[in-house]
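Could you put the whole structure together from the sequences, leaning on the hints where they help?
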Amino acid sequence: MLIGIPALLGPDFLSTLRAMGHGDELAIVDGNYPAADHGRRVLRADGHGVLEVIDAVLTVLPVDDFVPNALFCASVGGDPTRLDPIHHEMSALCARRVPNMPLQPLAGPAFYDRVKAAYAVIATSEPRLYGNFIVRKGVIKPR
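Using my numbering, the first residue of the sequence shown is number 1, and each one after it goes up by one.
Hints were generated in silico from the structure; no laboratory data involved.
Hints may contain errors.
Said to hold, decoys possible - Simulated crosslink set (SDA-like; lysine to any residue; CA at most 20 Å straight-line):
1. K116 <-> R44
2. K137 <-> L14
3. K141 <-> E25
4. K116 <-> A36
5. K141 <-> V67
6. K116 <-> Q104
The model shown is predicted, which means the values in this text are computed figures rather than measured ones.
So, in structure tokens, the structure goes:
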């Protein structure tokens with residue numbers, strides 16, 4: 001255990017986040033997502049929902065502010081204009097943790113391609129459909 005680090009971020013999880021470089025992406029996916037098939041590196045977050053994992057990750061991971069979009073979610077039925085309640089919850093969470101960085105919905109194939117290229121995939125037990133998220137890692141600027 002560490003002070004200030006969410007308990008669900010265990011050693012392997014923290015090591016993965018630390019090993020990522022600027023511009024690398026992390027996918028956090030629901031329980032129905034084919035994580036083992038799409039992920040180069042897959043970590044399990046069994047027993048946790050996607051929002052809980054996103055919140056924990058955004059407490060320690062800098063988000064890329066050199067690009068217009070660094071936060072992405074899946075959309076309903078491949079239509080980026082259709083969002084479910086979970087997407088609105090993701091958006092509110094992101095607004096609290098990463099102000100001024102909008103959550104960008106992606107259509108199915110675009111989302112899948114991005115997950116396949118991600119540095120790692122975190123497989124959660126989220127039961128809600130389309131509960132999938134991607135964050136692009138930024139930098140910690142010198143003081």
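To see whether the hints hold, each was checked on the structure:
With a C-alpha separation of about 16 Å, the suggested pair K116 and R44 falls inside the 20 Å cut-off, and the hint holds. As the CA atoms of K137 and L14 are separated by approximately 14 Å, the hinted pair is consistent with the 20 Å bound. Restraint check for K141 and E25: satisfied, since their Cα atoms lie roughly 19 Å apart, inside the 20 Å limit. Note on K116 and A36: the hinted pairing holds, with a Cα-Cα distance of about 10 Å set against a maximum of 20 Å.
Taken as a hint, the K141 and V67 pair is honoured in the structure, with Cα atoms around 15 Å apart against an allowance of 20 Å. Taken as a hint, the K116 and Q104 pair is honoured in the structure, with Cα atoms around 18 Å apart against an allowance of 20 Å.
The structure shown violates none of the earlier numbered hints.
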